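Chains A and B are the protein sequences, given in the same order.
Everything in the first sequence is counted per numbering that gives the first Met the number 0, starting at 0 for the first residue and increasing by one.
Everything in the second sequence is counted per numbering that gives the first Met the number 0, starting at 0 for the first residue and increasing by one.
Be a bit skeptical, because a hint or two may be false.
Computed cross-link-like contacts, DMTMM-like style, restricted to lysine to aspartate or glutamate with a CA-CA straight-line distance of at most 25 angstroms [claimed, not checked]:
(1) A:K91 - B:E62
(2) B:K115 - A:D341
(3) B:K153 - B:D229
(4) A:K91 - B:D81
Listing some non-contacts, in silico: residues in chain B with all C-beta distances to chain A over 12 angstroms [to be verified]:
(5) F119
(6) I127
(7) I212
To give an idea of the chain B side of the interface with chain A (calculated C-beta under 8 angstroms), a few residues [what the hints assert, rightly or not]:
(8) S13
(9) L14
(10) V24
(11) S26
(12) P114
(13) G121
(14) A126
(15) T136
(16) Q139
(17) Y244
Treat the hints as calculated values from the structure; they're not laboratory data.
Please read all numbers here as calculations on a predicted model, not as lab measurements.
Cβ atoms here follow ideal geometry from the backbone N, Cα and C, with glycine treated the same way.
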Amino acid sequence: MLKTFPKGGIHPPENKLTSSKPIQRLPVPKVVYVPIAQHIGIPAEIVVDRKDKVDIGQVIAKSGGFVSSNIHSPVAGTVTKLDMIVDSTGYKKQCIVIRTDAKNASNFVETEYPLKKEIELEPQEILQRISDYGIVGLGGATFPSHVKLNIKADKKIDCLIINGVECEPYLTADHRLMLEKAEEILMGIQILMYALNVPRAIIGIENNKKDAIETFKKLMLQEPKIQVAALQVKYPQGGEKQLVRALLKREVPKNGLPLDVGVIVHNVGTIFAIYQAVQHNKPLIERVVTVTGKKMGKASNFWVKIGTPIKDLITEVGGMPEGTRKIVNGGPMMGKALKNTDVPVTKGTSGILVISEDEASRGETKPCIRCGECVSVCPMGLEPHLLMNLSEKGMFEHAGQEDILTCIECGSCSYVCPSHRPLLDYIRFGKSIVKKLDVSKN
Amino acid sequence: MTYSIIYSVLLLASLGVTAAMVLYVVSKKFYVYENPLIAEVEDLLPAANCAGCGSPGCKAFAEKLVDTDDISDLFCPVGGNDVMQLVSEALGKEVAEKDPTVAVVRCQGACDVRPKTSEFQGPKSCAISALIYSGETDCQYGCLGDGDCVAVCKFNAMYMDETTGLPVVITDKCTSCGMCAEACPRDIIEMRPKHKRDLKIFVGCLNEDKGGIARKACSVACIGCSKCFDICPKEAITMVNNLAYIDPEYCTLCRKCVPVCPTDSIIETNFPKKKVKKVEVDQGAEVKSVNLIDHA
C-alpha cells in the first residue's frame, strides 16, 4: 500500500499529455515584461531607469523587505519603459519592459553547465545567495525561499521534504525536470542539507511518474541519507500539509507551518534553482513551463525566460486552436484564468493550459442538496458548504470560528459539487474579509 | 359545587398575588437604570437602522449620543440637520451641521461604450469579481455591474439599469446613509452635496490609465487631457493620475467644463437643456436617460 494523506482528496483525470516531451528551449523573446510583484509579500523596488542598459542576471528590482525577493534581468538589453501591464492577477501591475539586444551573444548562447559536486560556500553564504539570487517557491505559491530557510534557534529540523508530487492534472514541468536534471536536483538537496544541517531528506513523487521514481532510486544507491518515496495518486497531495502527513504521518498544526513539526518542504523546481544559484552563480531568470491543452498539437515543456509574453508560448506550440474559451495560468484545479495573452510568464507560472468551449463552462448553479460530497473530499476537514453559506450571508465571525482561514483553496469542493455551487469563490471571499477582521482586531 | 369554585378562585388569586410580589421584589432588586434621554433621543431618530452613522442601529446611536460628551463628530445622515437640531435641543449639546448629500455613481461605462473583453461565470457579486480579477472589460477602475450597492440599499433608492448595466440612484429616495459607497469594491460611488433642483456636475470616470489606454477600454473615459482643468474659473478641478476630479466645495455649477470635455465624461444632470448644444447633439441619449431616471 502506497503512502497518502488520509482526509479527503479527489482523482481528477490526469491528462498528462506532455510527460514524454523533453524540455525545449523557447527562442529568446524580443521584448520581456518583468513584473515587480512575482512573489508573495512586498513587491520589489525598481533600481533601473528608462534607457538603462542591463546585463543578463543583473538585479533590476531590489527586495522590498524581509518577505520579498530580488528580481534579475532575464535578458541583456535596454530598459524601454516602466509600465503598467496586466499580470496573472487580472490587474495592471508595475512592470519593467526590456528590449532584448539582438547583437549581444549572451542572450543566445546557452552554456550547458557540467554537474559540479564540490560545495565551496559556507552554510551562511549559501543561505545568503538563495536570498540574493531571487529564489522563490516554484511550485506555484512563489513564497520567497530564504524566508522558509530562516530557521529560528529554538526550532529543530530533522527532515527535508522535496515535493515532486505535481498532483495538478495536465502539468508535467516538474516531472520532466526530475527526469532530465535528476543529478542536479540531488546535488541541490545535498546543498540544502549541508546548509541547514538536516540529517535526512525524502523526495515525494506520485506513482504516476514511475520513470522519475526509478531514476532517483538508481542514483540513491550512493546516497543513504536521501530516500525516494512513491505516493498514491491523489489531489491535492502537493499541498505542504498533505505531503508532510503522507510521508511522515505528522500533522501540521492548524495555523502552523511544516517548520512546527520539524520539516521543511521545497519543490523540485526550487531545488534546481538553488543548485544553479549556489554552484553556477545563476539567478532565477528562467523556469520550466508546460504549455498544454487537448487541442494543442505541439503541446510540450519549455525553458522560458521570466517576462516572456504568454502569446509567444502559444505561437510556439502552433497558435491558438479554434474554439478556445479559456487560458489558464497554472493547472486546471488551482490555476487562474488569464485576462489576455499579453500577460508575462512570472516565477510562479508552472503551466499554460488552453481550454476549449466544452471544458470551460461552469455548470448552472443549483441549490445545495446536502449530499456532503464537499465535506468528504475536503483535505483540511472543513465543511465547505457551511463556509460558503456563512460568507454569502456575511456571517464572517462565525466563518472565522469554523476555521475558514485553514482552507488551502485546492478547489476539490467546487470540483465535486453536483449542484455546481461556487464554493471556492465564496470561501476565498470569506477568507479575505476574515483576514481583514483579524488584522483590525489585533 | 360552590366550594370548588371558591377554592379554585382563591387558589389562583393567591398564586397571582405571590407571583406579583416575587416579580416586584425582583424588579426592584435587579433594576437597571437607563437614562430616559436615550428613549427620548431614539424617538427623534429616523428608525431606519441603516448604520449610516457608524453605529449598528438607531438605538445604539442614541446611546452613543447620550453617553458621549462631545457629539460634534456624530451625525445622522438620514435625518440630516433637522433631526440633529432636535437632538441638540433635547440633549443641550452642540451638534455639527452638514450640507445634505446624495450618492452619485461615477462611472458611465455602459455596455455599448465599454466593450466586454472577457467573461466571468462565477457568482454575481462585485466583491467576489473584484477579488478574482479586474472585471469583464479592460477598465479596472469602473463599475463591475453585479449590483452589490443595490443589494445593500435599505431605502430602495437604487436599481440596476438593464440597458446600461450600471446602478442608478433615485435621488428623492436616497438618504445618503453611505452603505452603497462602502459596499462598492471599486469606490465609484461618492457622496456629493445635494443642490437645489438636484443639479449635479461631476466627472463620471475613475480611470487612472493613460489617455489612449483609457479610451480604448471605454469611449467615455476621462483621458486626463486637462481641458476642464484649464477652463475652470474657480479652480475646483484637480488633475491626479490622469484623472480629473471636481471638488464640490469650490464648484459653482457654471458648467464651463462640460462642453470642453472631448470624451463627454463630465456628467451634468437636471440643468435646463437648451443652453448646452454639444450635449444634445453628441450625448443626447445618455443625458436624457439620466434625466428621466432622476425625475422618476
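Right, here's what the structure says about each hint:
1. A:K91 - B:E62: Since the Cα atoms of K91 of chain A and E62 of chain B sit roughly 46 angstroms apart, the hinted pair is violated (cutoff 25 angstroms).
2. B:K115 - A:D341: Satisfied, since the Cα-Cα distance of roughly 17 angstroms is no more than 25 angstroms.
3. B:K153 - B:D229: violated (41 angstroms)
4. A:K91 - B:D81: violated (46 angstroms)
5. F119: Not fine: 9 angstroms to the nearest Cβ puts F119 of chain B too close to chain A.
6. I127: violated (5 angstroms)
7. I212: violated (8 angstroms)
8. S13: violated (48 angstroms)
9. L14: Where the cut-off is 8 angstroms and the nearest Cβ of chain A is about 43 angstroms from L14 of chain B, the hint is violated.
10. V24: violated (39 angstroms)
11. S26: Cβ of S26 of chain B sits 34 angstroms from chain A, so the hint is violated.
12. P114: Because about 13 angstroms separates P114 of chain B from the closest Cβ in chain A, which is outside the 8 angstroms limit, the hint is violated.
13. G121: G121 of chain B check passes; min Cβ-Cβ to chain A is 5 angstroms, inside 8 angstroms.
14. A126: holds (6 angstroms)
15. T136: Hint violated; T136 of chain B Cβ to chain A Cβ min 10 angstroms, cut 8 angstroms.
16. Q139: This interface hint holds because 6 angstroms falls under the 8 angstroms limit.
17. Y244: violated (20 angstroms)
Checked against the numbered hints given earlier, the structure breaks hints 1, 3, 4, 5, 6, 7, 8, 9, 10, 11, 12, 15, 17 and satisfies all the rest.
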